[in-house]
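Asks: Starting from the known structure of chain A, fit chain S onto it as the hints suggest.
Just so you know, the sequences run in chain order A and S.
If you read the first sequence in the working numbering, its first letter stands for residue 16, the second for the next number, and so on.
If you read the second sequence in the working numbering, its first letter stands for residue 3, the second for the next number, and so on.
No lab work stands behind these hints: they were computed from the structure.
Don't be surprised by glycine CBs; every beta carbon is placed ideally from N, CA and C.
Don't take each hint at face value.
[As the list claims (entries may be wrong)] Some chain A residues judged to face chain S by a derived CB distance under 8 Å, without partners named:
no., residue
1, Ala50
2, Asp51
3, Thr52
4, Leu53
5, Lys56
6, Pro107
7, Arg132
8, Glu263
9, Leu266
10, Val268
11, Pro269
12, Leu278
13, Ile279
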Amino acid sequence: MRNLLKVCVVSLAGALLVSPHVLAQTSPKPNRGGADTLYDKLGDTGSGGAAPRRDLTGFWAGQVAAKLNEVAPLTPWGREQFRLHKNNSQFPVSESNDPIKGCDPLGFPRNMLFMTRGIAFAQMPGRMLELFQFNRVWREIWTDGRQLPKDVGGNSADAPDPRWYGYSVGHWEGDYTFVVDTVGSDERSWLDNVGHPHSIDLRVQERYTRVSHNTLEVTITINDPKTYTKPFVITKSSFKWIPRQDYEEQLCVPSEEAEYLKLIGDPAAPATSGK
Amino acid sequence: MKSKLLMSFALLAGVLTVCSPLFAHHGSAAYKADKVIVLKQATVTRFVWANPHTMVLFDAKDDKGNVSHWAGEAGSPSAVRLLGWTRNSLQPGDVITVHLYPSKFESTVGRLDKIVLTNGTTLKDSPRGDRGVISRY
Chain A
16 MRNLLKVCVV SLAGALLVSP HVLAQTSPKP NRGGADTLYD KLGDTGSGGA
66 APRRDLTGFW AGQVAAKLNE VAPLTPWGRE QFRLHKNNSQ FPVSESNDPI
116 KGCDPLGFPR NMLFMTRGIA FAQMPGRMLE LFQFNRVWRE IWTDGRQLPK
166 DVGGNSADAP DPRWYGYSVG HWEGDYTFVV DTVGSDERSW LDNVGHPHSI
216 DLRVQERYTR VSHNTLEVTI TINDPKTYTK PFVITKSSFK WIPRQDYEEQ
266 LCVPSEEAEY LKLIGDPAAP ATSGK
Chain S
3 MKSKLLMSFA LLAGVLTVCS PLFAHHGSAA YKADKVIVLK QATVTRFVWA
53 NPHTMVLFDA KDDKGNVSHW AGEAGSPSAV RLLGWTRNSL QPGDVITVHL
103 YPSKFESTVG RLDKIVLTNG TTLKDSPRGD RGVISRY
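One chain only, chain A, in its complex shape (with noise of 0.2 Å):
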């Protein structure tokens, strides 16, 4: 017994030494100066009244980042995959090949995952446009009953080309909920910030349900077995109705994003460290 109490003590003093770095985090206590995102800044806008039908029209303040669930676990062509992705979060600027570091395009799903501060939708006959406050992008949502394409970058002459924002079609389930399937997102684009692939099996449902006049809610499923071995829920987020309908300006811009790296993304850390 008295062996057994020694090994736990030593094992709790070596967990102390090996924690006051990490310990210390909470002194002085990281910054939150308040409200940085429209959501917030906006708090409870009420319902606002019913949801109109059918209709998503409108300006939307989002999270900058969607709350993610845990990604299904990976194939072993998924794992080796993200492997090769050196994030943001683990490995210094100089380090990482995070594709927005050089400000590639975010592409889908990550843009509904990460930089949702602001999207809007038009609808227009026969298709929906969504409309993204980060880097003015936007999807096409056809509604009028064609079909998703097939073999999206297959070798065949006809085969579409893979797209950043891929192929998207919408229909309605009942008077308030929108269903988006997309198919043939780029490879080169990542999932998440966290790194995690996806291939041009890839296929994405969106179900934006408007629960209210001011409050939209979408729900993302990925669907991609080349990359992981069962369909998942990645988010349930929600957003809030823009009341002066307008939003930030907010681009990546290249010439700035390199005189970041060079002023201070690259000076941040040795190129050969990360984790």
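Replies: Okay, now just chain S, sitting in the frame of chain A:
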């Protein structure tokens, strides 16, 4: 003896429970997450109001009067504007007190915590991250 043993186990389990997610979140990014340094009487040399990174370049003197050139990064204009910053918040020549998380590698760069102007105005930076993921925006 038995109660001490149990307490030791409980403490160890507690420490490991508290520590493991933090290690995962901030393991080896470029900046020290546990330390804010304060640079007083610093002089702004340039303020970059740019997407996706706001940057403040400034000179700071050590105790011997040696000048170091520093660069601090903050959130995007979209983020820090909501915290009270504007594109004109800082001008070259402004004297400021800078609180920042320094690089782990001793270079004179860091992630800003806050800047205090001589008139007492405080410009806070946006939070560093969500789930430990990304923070620079």
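Asks: Take the shortest C-beta to C-beta distance between Leu53(A) and chain S; is it under 8 Å?
Replies: holds (7 Å)
Asks: Tell me if Arg132(A) is really an interface residue toward chain S, meaning its C-beta lies closer than 8 Å to one of theirs.
Replies: Hint on Arg132(A): holds, closest Cβ of chain S at ~6 Å, below 8 Å.
Asks: With a cut-off of 8 Å, does the beta carbon of Ala50(A) approach a beta carbon of chain S closely enough for the hint to hold?
Replies: OK, holds: Ala50(A) within 8 Å of chain S, min 6 Å.
Asks: Next item in the hint list is Glu263(A). Is there a CB on chain S closer than 8 Å to its CB?
Replies: holds (4 Å)
Asks: Under 8 Å, Cβ to Cβ, is where Pro107(A) needs to be relative to chain S, so tell me if that hint holds or is violated.
Replies: The hint holds - Pro107(A) has a Cβ within 8 Å of chain S, the shortest such distance being about 4 Å.
Asks: Can you verify the interface hint for Thr52(A): is its Cβ closer than 8 Å to any Cβ in chain S?
Replies: For Thr52(A), the interface hint holds, since the closest Cβ of chain S sits about 7 Å away, which is under 8 Å.
Asks: Taking the least C-beta to C-beta distance, is Leu266(A) closer than 8 Å to chain S?
Replies: holds (5 Å)
Asks: For the restraint on Asp51(A), tell me whether the closest CB of chain S is nearer than 8 Å.
Replies: At about 4 Å, which falls below the 8 Å cut-off, the nearest Cβ of chain S leaves the hint on Asp51(A) intact, so it holds.
Asks: Any CB of chain S closer than 8 Å to the CB of Pro269(A)?
Replies: violated (11 Å)
Asks: Taking 8 Å as the limit, does the beta-carbon of Val268(A) come near enough to a beta-carbon in chain S?
Replies: holds (6 Å)
Asks: Next item in the hint list is Lys56(A). Is there a CB on chain S closer than 8 Å to its CB?
Replies: Since the shortest Cβ distance to chain S is 6 Å, the answer is holds.
Asks: Is the shortest C-beta separation between Ile279(A) and chain S less than 8 Å?
Replies: holds (5 Å)
Comparing the model with each earlier hint shows a violation of hint 11 alone; every other hint is respected.
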